[in-house]
Amino acid sequence: MSARRRLSLGQRLVIAAPYLWIAAFFLAPMLLVAKISVSQSVLARPPYRPIFQFSDSLAELWAKALDFTLDSYRALVSDTLYLESYLSSLTIAAVATLITLIVAFPFALAMARAPERLRPILIGLAVAPFWTSFLIRVYAWIALLKDEGLINNALMAVGLISAPLQMYATPGAVVVGIVYSYLPFMLLPIYAALERQDESLREAAADLGASPAQVFLRVTLPLSRESVIAGSLLVFIPAVGEFVIPDLLGGSETLMIGRTLWNDFFSNHDWPAASAAAIALVALLMVPLLLWERARLKEEGGR
Amino acid sequence: MNAPLLSINNVSKKFGAVVALENVSLHVGAGEFFALLGPSGCGKTTLMRCIAGFESPDAGAIALNGADLSGVPPFRRPVNMMFQSYALFPHLDVFENIAFGLRRQGEAKDAIDARVDELLAMTQLSNHGRRRIDELSGGQKQRVALARALAPRPKMLLLDEPLGALDRKLREETQFQLKEIQRLTQTSFVIVTHDQDEALALADRIAVMRAGRVEQVAGPMEIYDRPATRFVAGFVGETNFIEGRVERNAARGPGAALVSELGRIPCEPGDLPEGAQATLSVRPERIGVAREGDGIAGFVENFVFRGETTLLRVRVAENVVLRAAAGHGERYAIGDSVRLSFPPGAGTLLKDGPSA
Numbered sequence: 669m670s671a672r673r674r675l676s677l678g679q680r681l682v683i684a685a686p687y688l689w690i691a692a693f694f695l696a697p698m699l700l701v702a703k704i705s706v707s708q709s710v711l712a713r714p715p716y717r718p719i720f721q722f723s724d725s726l727a728e729l730w731a732k733a734l735d736f737t738l739d740s741y742r743a744l745v746s747d748t749l750y751l752e753s754y755l756s757s758l759t760i761a762a763v764a765t766l767i768t769l770i771v772a773f774p775f776a777l778a779m780a781r782a783p784e785r786l787r788p789i790l791i792g793l794a795v796a797p798f799w800t801s802f803l804i805r806v807y808a809w810i811a812l813l814k815d816e817g818l819i820n821n822a823l824m825a826v827g828l829i830s831a832p833l834q835m836y837a838t839p840g841a842v843v844v845g846i847v848y849s850y851l852p853f854m855l856l857p858i859y860a861a862l863e864r865q866d867e868s869l870r871e872a873a874a875d876l877g878a879s880p881a882q883v884f885l886r887v888t889l890p891l892s893r894e895s896v897i898a899g900s901l902l903v904f905i906p907a908v909g910e911f912v913i914p915d916l917l918g919g920s921e922t923l924m925i926g927r928t929l930w931n932d933f934f935s936n937h938d939w940p941a942a943s944a945a946a947i948a949l950v951a952l953l954m955v956p957l958l959l960w961e962r963a964r965l966k967e968e969g970g971r
Numbered sequence: 026m027n028a029p030l031l032s033i034n035n036v037s038k039k040f041g042a043v044v045a046l047e048n049v050s051l052h053v054g055a056g057e058f059f060a061l062l063g064p065s066g067c068g069k070t071t072l073m074r075c076i077a078g079f080e081s082p083d084a085g086a087i088a089l090n091g092a093d094l095s096g097v098p099p100f101r102r103p104v105n106m107m108f109q110s111y112a113l114f115p116h117l118d119v120f121e122n123i124a125f126g127l128r129r130q131g132e133a134k135d136a137i138d139a140r141v142d143e144l145l146a147m148t149q150l151s152n153h154g155r156r157r158i159d160e161l162s163g164g165q166k167q168r169v170a171l172a173r174a175l176a177p178r179p180k181m182l183l184l185d186e187p188l189g190a191l192d193r194k195l196r197e198e199t200q201f202q203l204k205e206i207q208r209l210t211q212t213s214f215v216i217v218t219h220d221q222d223e224a225l226a227l228a229d230r231i232a233v234m235r236a237g238r239v240e241q242v243a244g245p246m247e248i249y250d251r252p253a254t255r256f257v258a259g260f261v262g263e264t265n266f267i268e269g270r271v272e273r274n275a276a277r278g279p280g281a282a283l284v285s286e287l288g289r290i291p292c293e294p295g296d297l298p299e300g301a302q303a304t305l306s307v308r309p310e311r312i313g314v315a316r317e318g319d320g321i322a323g324f325v326e327n328f329v330f331r332g333e334t335t336l337l338r339v340r341v342a343e344n345v346v347l348r349a350a351a352g353h354g355e356r357y358a359i360g361d362s363v364r365l366s367f368p369p370g371a372g373t374l375l376k377d378g379p380s381a
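Protein chains in written order, with my numbering: chain U, 669 to 971; chain L, 26 to 381.
It is worth saying that the hints were derived from the structure and are not from the lab.
These numbers were taken from a predicted model, which means no experiment stands behind them.
Idealized CB from N, CA, C, for every residue including glycine.
Keep in mind that the hints are not guaranteed to be accurate.
Said to hold, decoys possible - Between beta-carbon pairs, the in silico distance windows are:
#, chain 1, residue 1, chain 2, residue 2, range
1, L, Gly163, U, Glu784, 49 to 57 angstroms
2, U, Asp724, L, His116, 57 to 65 angstroms
3, U, Leu889, L, Ala146, 39 to 47 angstroms
Claimed, not checked - Far from chain L by the CB rule (all over 12 angstroms, computed), these chain U residues:
#, residue
4, Pro686
5, Leu744
6, Leu749
7, Phe853
Working from the sequences, and respecting the hints, build out all of it.
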């Protein structure tokens, strides 16, 4: 790094803008949620205590602050429902991310190797589902997966099965929904990385005696590692907290933290419990992410 | 030359409507340093890619040691290529880049380590084995690329503009290294270049290519002194073209000559018939420059100091300017009157007339 320069006011403002944005629309709401998570649940409106007011005196503020409690966090640990929800969410998200990767990689490879003039069309097709509502697309899967849905009817019509398969309202349906919905988030970064790869690297590998399979394993795959990690995070993180897909496709048996949270918030009116669950989820996802980012920066710093 | 290592027979290749190679035939011997020289778009790179197996000829055949290479994929050809961009693997260090081909051959670990160390030493990279590729200078990358291509002991090494990315000073140094390494490894080198100096400096033999065809195959001296076509004469080195008519008999003066608007210039007519239209190619340094005496009169229009010589542009007729090199220490000024003379055998008579 070069020596520190004095920045003009304009430069400072430009640098400050994204930080201000994050502070106003991410950090502030996050702090509110954190505050609610250490509050106590009460039957009132809003359903928690304490509530700070501008008119409070210092003594009142102190008294109210003493009302803060970690009960909601204790409940997270003691109530197995939360633990089961977290575990189930992580498992479903991990399985879905892996399948998304397995589906997306060949797609990305085919797109990156397609003739140049076809590529914009292929990208357009890949993101085309985004032009319709996410909700409608997930609903459409109900029509496909349910007992008298398209897939079961078709399988019975050709005589492969005699009774409908239970697909709708299973964790498998949730995985299918996540893979389908998040595929472009995996596809696009991997495509971008593969498309950027210098063809002469693959030629050099082949020239040095690498068979097509070895070229893929020794050159193409390692050089797209970063994009695979990026795409996996883009799918995994929102999938863990996903609410709509498990709610529509998962049935009552499928536990995911997003639904548990929603139930706490809207059905049980236990805002502190829901907030604590949300904060724990953020921590759960942020910690590995920060560790990975730090390792990556360290590696780059070593260059 | 014994049975050639590489035989290229009547190879043609088209890309759509563009003819990249047209009926090319070449032979390269074992241990030979061979250059494919030509301007960009002449097909030299396509020919190299056909040898490496990245392109397949539409017609004709390429054989290595007598074995036809048609349909043999690049990874099964005992030919390695050094890419113009070097194409070093950025995710592997220097050592692993060089070891890549050896690992694909499934050699024992000890043998690989020894071979890589040997190549690191040969390319003066012994302390750089664990460096990342992006930590290397341009010259170091070039040497890693060379070492990587040599590591699996190919029968033939193809080099695509190997010095193109280096600056002038480094290029000259590297030319010597390349020649030395070629001599030490006894490997056939086929180099593709658009730089005539590079081809003349490095190669045992040169094929000059133009628009998909081979114009001439010969040693550097012959290419320079006895170009076969007007294109070769103009592309390799500097030259003057003087057009005229062949006069074979000695009726009007001693020996054969070219009769041009500059007068009779004595030269070797070869098999050109009496009265044929022809072009004489004369290198600037072969033209004698004097202040007085016999020869074609003219005046210095401009000059460029080149160090050992001074290149003069001499106007000898209203629309004819010849380039002539004056030796070191001879000083001329713009406007000086000079006499240009053509010693016997100074030029080469070319029959392809004024075209091209």
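Hint-by-hint comparison with the structure:
The given range of 49 to 57 angstroms is broken by Gly163(L) and Glu784(U), whose C-beta atoms sit roughly 29 angstroms from each other. A hinted range of 57 to 65 angstroms for the beta carbons of Asp724(U) and His116(L) is consistent with their spacing of about 59 angstroms. The hint said 39 to 47 angstroms for the Cβ distance between Leu889(U) and Ala146(L), and at roughly 32 angstroms that hint is violated. Every beta carbon of chain L lies more than 12 angstroms from that of Pro686(U), the smallest distance being close to 29 angstroms; the non-interface claim holds.
Distance check for Leu744(U) against chain L: the nearest CB is about 42 angstroms away, which clears 12 angstroms, and the non-interface claim stands. Non-interface status of Leu749(U) relative to chain L is upheld: no Cβ of that chain comes within 12 angstroms, the nearest being about 45 angstroms off. Non-interface status of Phe853(U) relative to chain L is upheld: no Cβ of that chain comes within 12 angstroms, the nearest being about 24 angstroms off.
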